[in-house]
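J.: For reference, the chains in residue letters:
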Amino acid sequence: MSFVLSLALATYFMSGLLSIANSVRKTGEPDVAIFRWPSLAALGVASVANAFWILSRWHELGYPPFADTYGCFVLLAWCVGLVSLTLELGARERYIGGASSLAAAVLLLISTRWLAAPHPLPPVLRSVFFAPHVVAYFIAYGALTVAAFAGIALLAGKKAHSTFSSGLEEWCGRAGRIAFPFLTLGLALGAVWGQQAWGDWFGWDPKEVWALISWVLVAAWSHLWRSGRRGALTHVLLIVAVLACYFTLFGVNYLPTSVQSQHTYTTR
Amino acid sequence: MSEPERTSRLRGIAETLGSVKLGVGLLIGIAAASALGTAILQTSLAGADPSEIRARYGACAGFLNTVGLTDVFHSTWYAVLLGILALNIVSATATRFAFRASKLGMLLAHVGVLVVLTGGLVYSLIGDKGYVVLGPRQETDRYVSNHSGQRLGHLPFTLRLDDFAAERYPARLTLVGPQGEILTVTPKEGAEVTPSWTSAAVKFEKILPHAERTSRVIDDGNAPIYPAALVRLNVAGASRDLWCVAQRSSPAETLVDGNGRISVAFDNELTARANDLPAEPRAYAVSLQTGRTVEIPVKPGAEFPLPNAAKPGAWGKVRTVVDDADNTALGPALTLELHEDNQTFLRSAVARMPGLSPELFRGEPVGMSDLAFVYYRPKLSVRVTRMEDWIDRKAPPRYRVEWWTFPSGTGGKLDNLAVGSPETLDATGATITLVESLLRAQVDAAYTPLDRGGMEAAKVKVTWPDGPPREYWLATEGPEQMLRVTQALAFLYSAREEVREYRADVRLQAPSFDLAETVTVNHPASILGWQIFLSDIREAPTPRAQLMVSCDPGLPLVYAGLVLLALGAFVAQFRGKAAEQKGIET
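Chains as they are written, first to last, in our numbering: chain A, 1 to 268; chain B, 1 to 586.
These aren't lab readings, by the way, just hints derived from the structure by calculation. Just so we're clear, the structure is a prediction, and the values are computed from it rather than from any experiment. Please note that the accuracy of each hint is not assured.
To be verified - Per the computed footprint, the stretches of chain B lying under chain A, defined by three or more beta-carbons under 8 angstroms from a beta-carbon of chain A, are:
{"id": "1", "segment": "508-519"}
{"id": "2", "segment": "560-570"}
To be verified - Computed list of chain A residues with no C-beta within reach of chain B, every gap over 10 angstroms:
{"id": "3", "residue": "40"}
{"id": "4", "residue": "41"}
{"id": "5", "residue": "210"}
C-beta: ideal position from N, C-alpha, C; glycine also.
Input sequences plus hints: build the corresponding full structure.
T.: Dropping the structure here:
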């Protein structure tokens, strides 16, 4: 792993630990300053280093570095960290930010599993839609990952202090509000791109169907959330929706119908 | 019933129909149905094969078919679900979002979904899509429609294919560092590169576009196969020269055993397949639409039915059989007479001995539109690939064995196979054993180990329950073959020549116009409400391009709907805070 990515990995990890250390205090008590500010600073450094790596690799390759699983994981780590940083600034609760930073570190760590010499872009990926489509989707996936952590915490801590719960709900709702528009944008860009490349804005291809399933489930969750239904079933739906997103990204190739799919360019 | 009563009654129905509960239930139902449509093999997708569906689901296949689970996305019940969802959105929009500025985002998003669905409906009612397959300088005004069983459609113009080509990337050399750092360059003679992670400087002393890949790298002009680069490595004042030889993609080497029944060839990944061919030549006609297969008797004058569901009563006759088509790459050939709709077509089918591409002929859009002829289809195909990226000479290499059988269509994959242990190929009764593996072998009448250069090869033994074991040599390669030079540097020289772009020059002609257009993968041509896309190019054995044609009057609606939907989602996000605190349904 390059120095820049190692720096990002270390600072994500540090930020996560500091955030969690900061969380171990009575609900409602103010932040522990020696944890709070270094944690935010570390997350900031990690985001910049992570972004720097993506841009420099982009420059090096001459095309967006998202065509292989390695690049996708690094982008996903950056999106998780960035969403966490954005939400952390106005939030009252620190566990979710900590968990998100740790998740970004884990994503960077496992990205190296797919480290390989890059292949040049196949014809279909040489499109103006490639970078916007992928980035919109990954911002959404990053935000949904953060929302899912809050959802899991809400499920686990049902009888927790109400201030704690409302802090978690705040994370969940704000992350969801970032996720849905970007997920929609990614889906729409994908449709326009598919029309340009294959003459089908939606061709019922397994990857496309799973993108639709993910969007439909997130939309369903968003409707429940916005209409004030925030019970255990809503949180379960969110977790299922996020799993569907990850399945769209990494799992579709293992389906029996995947031999019929045109979207096999992210695997090698 | 009084007027206000009726109004309130209607409003009540609309509110129930447009409730969040119903909407969420429908969304979850659609998600679940769609998931089923990806978990079960679908007949409507490209490459679908009903015989494979039958083989996979056995007795359940009929049931799955009846309830529409083998074509979920074109079933009535799926359309009904979408229809109810549309009603739900209309009711919700009318009762909750219309005329309320604070709900502008939601209004836009919901109207967007309706507009997209309308666009899809317009397409399914009056639009059409399909494909044509053309060779150079061929033209047509008909296409094979994707709608209703691959019938032929008419284009309002003549589509002529002037020329087409696959443009490729040049061979690239990738320098790889110990932490996965990479620097990819196209080698040029005299150029020097300095990777950022090492003090070494790499200079390209000499480039041979066509060098033979043996223990000696020479440019004798006789066997132009592999590009090679002589690289000078300067580390701390000392320099060292080494040859980097590119991996090549073309199936250049073929090995056929004495009686011509076993063949080994190298495909794009430089792996190989051994084909266990039946002793007698056999040919089949396969319907691309239904997957139904009939065997063609390999003797002159024999008649056979064509498995063409759209054209019942079609039949074929073998005209001539040629034992050897007089080319090392070609096997026996048949000429066939095909009768369909009182028309006669002549086709020939040539068996390619390596068996890499058993599909010999795919019908043209006119006439025999949905038939493929398969000749000499192997009983069992095996492919062996080394699993590790790097060769560690201390540990024995592990291989992946992939296999397919015919006619049942079953197949599978065995991972981490090492030399020595027999493994059973599920459901076939056959066992496979890796007998021997060589990291450096020379392609010859027999594989022999070499000190440097050459191919990696494995010897495979296949044992059937009812016959003597057979052994095959297969060439294998890892996912990437790297040449490790120092602790800090490895080379990967790929001559796979990945396709950069497909390009087709087409001419669109009608009495009122004559247009020349260039179509590439992400850039279709448009005329008279039709779009022409380039979906595939086949350079060998017969050059052909597949072009998709599409007439979708719903497309402007779809685009407008997508814009509304995405815009609405963003507006709702920024205005959503207040709404979220209050809740939509009060």
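J.: For residue 40 of chain A, is the shortest beta carbon distance to chain B beyond 10 angstroms?
T.: Residue 40 of chain A clear of chain B: closest Cβ-Cβ about 23 angstroms, beyond 10 angstroms.
J.: State whether the coverage of the segment 560-570 of chain B by chain A holds or is violated, taking the criterion as 3 or more residues with Cβ-Cβ distances under 8 angstroms.
T.: With 6 residues closer than 8 angstroms to chain A, the segment 560-570 of chain B meets the three-residue bar; holds.
J.: Beyond 10 angstroms from every chain B Cβ: check whether that's true for residue 41 of chain A.
T.: Given that every Cβ of chain B is farther than 10 angstroms from that of residue 41 of chain A, nearest at about 26 angstroms, it holds.
J.: Taking the shortest Cβ-to-Cβ distance between residue 210 of chain A and chain B, state whether it exceeds 10 angstroms.
T.: Contrary to the label, residue 210 of chain A does not stay out of reach of chain B, its closest Cβ about 6 angstroms off (not over 10 angstroms).
J.: Go check the segment 508-519 of chain B versus chain A for me, would you? Three or more residues, Cβ under 8 angstroms, otherwise it fails.
T.: violated (count 0)
Hints 1 and 5 from the earlier list are contradicted by this structure; the remaining hints agree with it.
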